[in-house]
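Those protein sequences? They're chains Z and X, same order as listed.
So the first sequence is numbered by my numbering: it starts at 254 and just counts up by one.
So the second sequence is numbered by my numbering: it starts at 15 and just counts up by one.
Hint data in this document are derived by calculation from the structure and do not stem from the laboratory.
Hints should not be assumed to be uniformly reliable.
[Unchecked claim] List time: in silico DMTMM-like cross-link candidates among lysine to aspartate or glutamate, alpha-carbon distance up to 25 Å:
#1 Lys-38(X) - Glu-295(Z)
#2 Lys-82(X) - Glu-295(Z)
#3 Lys-290(Z) - Glu-118(X)
#4 Lys-38(X) - Glu-58(X)
#5 Lys-258(Z) - Asp-71(X)
#6 Lys-92(X) - Asp-70(X)
#7 Lys-258(Z) - Glu-295(Z)
#8 Lys-290(Z) - Asp-312(Z)
#9 Lys-258(Z) - Asp-100(X)
#10 Lys-82(X) - Glu-28(X)
#11 Lys-258(Z) - Glu-118(X)
#12 Lys-309(Z) - Glu-118(X)
#13 Lys-324(Z) - Glu-118(X)
#14 Lys-92(X) - Glu-295(Z)
#15 Lys-258(Z) - Glu-311(Z)
#16 Lys-324(Z) - Asp-312(Z)
#17 Lys-258(Z) - Glu-58(X)
#18 Lys-307(Z) - Asp-277(Z)
#19 Lys-307(Z) - Glu-118(X)
#20 Lys-321(Z) - Asp-284(Z)
#21 Lys-321(Z) - Asp-254(Z)
#22 Lys-38(X) - Glu-76(X)
#23 Lys-321(Z) - Glu-58(X)
#24 Lys-82(X) - Asp-70(X)
#25 Lys-309(Z) - Asp-277(Z)
#26 Lys-321(Z) - Glu-118(X)
#27 Lys-258(Z) - Asp-70(X)
#28 Lys-92(X) - Glu-28(X)
#29 Lys-290(Z) - Glu-58(X)
#30 Lys-82(X) - Asp-100(X)
#31 Lys-258(Z) - Asp-312(Z)
#32 Lys-324(Z) - Glu-58(X)
#33 Lys-324(Z) - Asp-308(Z)
One letter stands for each residue in the lines below.
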Amino acid sequence: DQQVKQNSPSLSVQEGRISILNCDYTNSMFDYFLWYKKYPAEGPTFLISISSIKDKNEDGRFTVFLNKSAKHLSLHIVPSQPGDSAVYFCAGTNTGTASKLTFGTGTRLQVTL
Amino acid sequence: DAGVIQSPRHEVTEMGQEVTLRCKLISGHNSLFWYRQTMMRGLELLIYFNNNVPIDDSGMPEDRFSAKMPNASFSTLKIQPSEPRDSAVYFCASSSPRPSSPSEQFFGPGTRLTVL
Chain Z
254 DQQVKQNSPS
264 LSVQEGRISI
274 LNCDYTNSMF
284 DYFLWYKKYP
294 AEGPTFLISI
304 SSIKDKNEDG
314 RFTVFLNKSA
324 KHLSLHIVPS
334 QPGDSAVYFC
344 AGTNTGTASK
354 LTFGTGTRLQ
364 VTL
Chain X
15 DAGVIQSPRH
25 EVTEMGQEVT
35 LRCKLISGHN
45 SLFWYRQTMM
55 RGLELLIYFN
65 NNVPIDDSGM
75 PEDRFSAKMP
85 NASFSTLKIQ
95 PSEPRDSAVY
105 FCASSSPRPS
115 SPSEQFFGPG
125 TRLTVL
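One chain only, chain Z, in its complex shape:
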């Protein structure tokens, strides 16, 4: 039972354009969401998060949007850079569960020149 789904295994975007990575969740108890970035042979690193009391959180080139009614969130990267090429994982949690995260399967982003 995949509670967090990233239906696009891969995405290719040209440098300078917008990258949009999507994530859907089924667990209505989730109240906090995180995006992690993972380079090959490294562990995932935290990128940006959003609480369910917000619908948008922005940090530099990265913005996460949350649509609670649709149980959908998206990560926007503008402008995309070659260094953004990585696997991006979406995760959801209920903040009452001692930080237990449920991850999606990831989306591999390739930013081309």
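Once you've looked at the hints, dock chain X against the given chain Z.
Then chain X, alone, in the frame of chain Z:
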């Protein structure tokens, strides 16, 4: 700060052998998580500890898997006996919940396990 440290980085073993993966938490962190990454299932949580106590081991595949935290800064994940389907990358992560970022976890570099 050295971050989360995992050893070994790579492990190749034969089916039936015992495998032990090791993890050192970031100093001051009080939660420890073991994950397994596969292509099909992404990052799966196997078990997590809070203040050295196992809280949720529902993700542990079967009795062949066991995890311990003998002290506040160190954990092991053991597979005995190992099977080819255990081949994956195993990550540990640690966290110390903060109001500004209640669930951020810091991951180690992972151990790539291959069981022949």
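Here is what the structure says about each hint:
no.: 1; hint: Lys-38(X) - Glu-295(Z); in the structure: holds, 16 Å
no.: 2; hint: Lys-82(X) - Glu-295(Z); in the structure: holds, 24 Å
no.: 3; hint: Lys-290(Z) - Glu-118(X); in the structure: holds, 13 Å
no.: 4; hint: Lys-38(X) - Glu-58(X); in the structure: holds, 20 Å
no.: 5; hint: Lys-258(Z) - Asp-71(X); in the structure: holds, 22 Å
no.: 6; hint: Lys-92(X) - Asp-70(X); in the structure: holds, 17 Å
no.: 7; hint: Lys-258(Z) - Glu-295(Z); in the structure: holds, 22 Å
no.: 8; hint: Lys-290(Z) - Asp-312(Z); in the structure: holds, 14 Å
no.: 9; hint: Lys-258(Z) - Asp-100(X); in the structure: holds, 23 Å
no.: 10; hint: Lys-82(X) - Glu-28(X); in the structure: holds, 23 Å
no.: 11; hint: Lys-258(Z) - Glu-118(X); in the structure: holds, 20 Å
no.: 12; hint: Lys-309(Z) - Glu-118(X); in the structure: holds, 18 Å
no.: 13; hint: Lys-324(Z) - Glu-118(X); in the structure: holds, 21 Å
no.: 14; hint: Lys-92(X) - Glu-295(Z); in the structure: holds, 22 Å
no.: 15; hint: Lys-258(Z) - Glu-311(Z); in the structure: holds, 22 Å
no.: 16; hint: Lys-324(Z) - Asp-312(Z); in the structure: holds, 22 Å
no.: 17; hint: Lys-258(Z) - Glu-58(X); in the structure: holds, 13 Å
no.: 18; hint: Lys-307(Z) - Asp-277(Z); in the structure: holds, 17 Å
no.: 19; hint: Lys-307(Z) - Glu-118(X); in the structure: holds, 18 Å
no.: 20; hint: Lys-321(Z) - Asp-284(Z); in the structure: holds, 9 Å
no.: 21; hint: Lys-321(Z) - Asp-254(Z); in the structure: holds, 20 Å
no.: 22; hint: Lys-38(X) - Glu-76(X); in the structure: holds, 24 Å
no.: 23; hint: Lys-321(Z) - Glu-58(X); in the structure: holds, 24 Å
no.: 24; hint: Lys-82(X) - Asp-70(X); in the structure: holds, 13 Å
no.: 25; hint: Lys-309(Z) - Asp-277(Z); in the structure: holds, 16 Å
no.: 26; hint: Lys-321(Z) - Glu-118(X); in the structure: holds, 21 Å
no.: 27; hint: Lys-258(Z) - Asp-70(X); in the structure: holds, 22 Å
no.: 28; hint: Lys-92(X) - Glu-28(X); in the structure: holds, 15 Å
no.: 29; hint: Lys-290(Z) - Glu-58(X); in the structure: holds, 16 Å
no.: 30; hint: Lys-82(X) - Asp-100(X); in the structure: holds, 19 Å
no.: 31; hint: Lys-258(Z) - Asp-312(Z); in the structure: holds, 23 Å
no.: 32; hint: Lys-324(Z) - Glu-58(X); in the structure: holds, 21 Å
no.: 33; hint: Lys-324(Z) - Asp-308(Z); in the structure: holds, 11 Å
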